[in-house]
Amino acid sequence: MIHIKRLQEDGADIIALIGEIDASSSIELDLAIAKSVGEGFIKILVDCSALEYISSAGLGVFMSYIEEFNDRNIRMVLFGMSDKVANTFDILGLNELLKIGKDKVQAKKIVNEL
Amino acid sequence: MNYKFKVGCNIENLKNVRDFIRGALKNHAISELEISEIVLALDEMCSNLIIHAHNCNPDDLFELNIRIEKEKPLVFELIDDGTVFDINEFNTPGIDSIIHQKRKGGLGIRLVKSIMDKVEYQKHEGRNICRLVKTVQFK
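Chain order of the listed sequences is V and C. Mind the numbering: the first sequence is residues 1186 to 1299 in our numbering, read in order. Mind the numbering: the second sequence is residues 2 to 140 in our numbering, read in order.
FYI, nobody ran anything at the bench for these hints, they're computed from the structure. For each residue, glycine too, the CB sits at the ideal point set by N, CA and C. Where hints are given, some of them may not hold.
What the hints assert, rightly or not - Negatives, chain C to chain V, calculated, CB over 12 Å:
no., residue
1, K5
2, K16
3, E38
As the list claims (entries may be wrong) - Quick partial rundown of chain C residues pointing at chain V, CB under 8 Å, derived from the structure:
no., residue
4, M2
5, E35
6, D44
7, S98
8, H101
9, V120
10, R128
11, I130
12, V134
13, V137
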């Protein structure tokens, strides 16, 4: 079960993920990111501080946006991951492909510098 | 010690599967990080089985067995009677091609292969057994 909250700060859209993302709930993540893009945001921050678990279904959603975001100059930064969640990204080397900040302050800095 | 769980092929049940695995492993002085990796790998295997071998039919059941013996590799068995999808025969796509083709599959198999030591398949009395083996550090 995943609960997703959105809020806007300094022109960035912050998508907060609360709970667990697996094959049954990854569609929610996809819809939230698509909505943000559809509303015209070019700075998207994904708050993972309350994300307890993510499987490949969720990772695949992030991956599926990489090319589109590069082409359209949309910047996405993830932040606040627990060690366990960060490890899932590390196993696949996704920490090299996605922008990941330690906390919101660092994520904002990264998104503004990109 | 053996643990057994039987569940219908509905992706809504994945959460219960993860809770069962976590619960079983927590009794055995295995590190949190190793538990989380094993839970992830088995979630991936169960998702594949539910979606691809059983088309999410909740009336189809599969069984998950866990065998834990001190100082021995952990053994996990997924037993069902659907179509076998042998991940060893699946050529794991490169990360670049996954990004380029926007494919959402392939990542899970990559995770399973990175986490587990061995994945093997066998038929027993008409049923499929997928056995996954993982050596862990007992604390």
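A quick look at each hint next to the structure:
1. K5: K5 (chain C) clear of chain V: closest Cβ-Cβ about 22 Å, beyond 12 Å.
2. K16: violated, 7 Å
3. E38: Violated, because the least Cβ-Cβ distance between E38 (chain C) and chain V comes to about 7 Å, which does not exceed 12 Å.
4. M2: violated, 24 Å
5. E35: violated, 10 Å
6. D44: holds, 5 Å
7. S98: violated, 11 Å
8. H101: Holds: closest Cβ of chain V sits about 7 Å from H101 (chain C), inside 8 Å.
9. V120: Violated. Min distance 15 Å.
10. R128: violated, 23 Å
11. I130: I130 (chain C) check fails; min Cβ-Cβ to chain V is 22 Å, beyond 8 Å.
12. V134: violated, 18 Å
13. V137: Nearest chain V Cβ about 15 Å off; hint violated.
Comparing the model with each earlier hint shows violations of hints 2, 3, 4, 5, 7, 9, 10, 11, 12 and 13; every other hint is respected.
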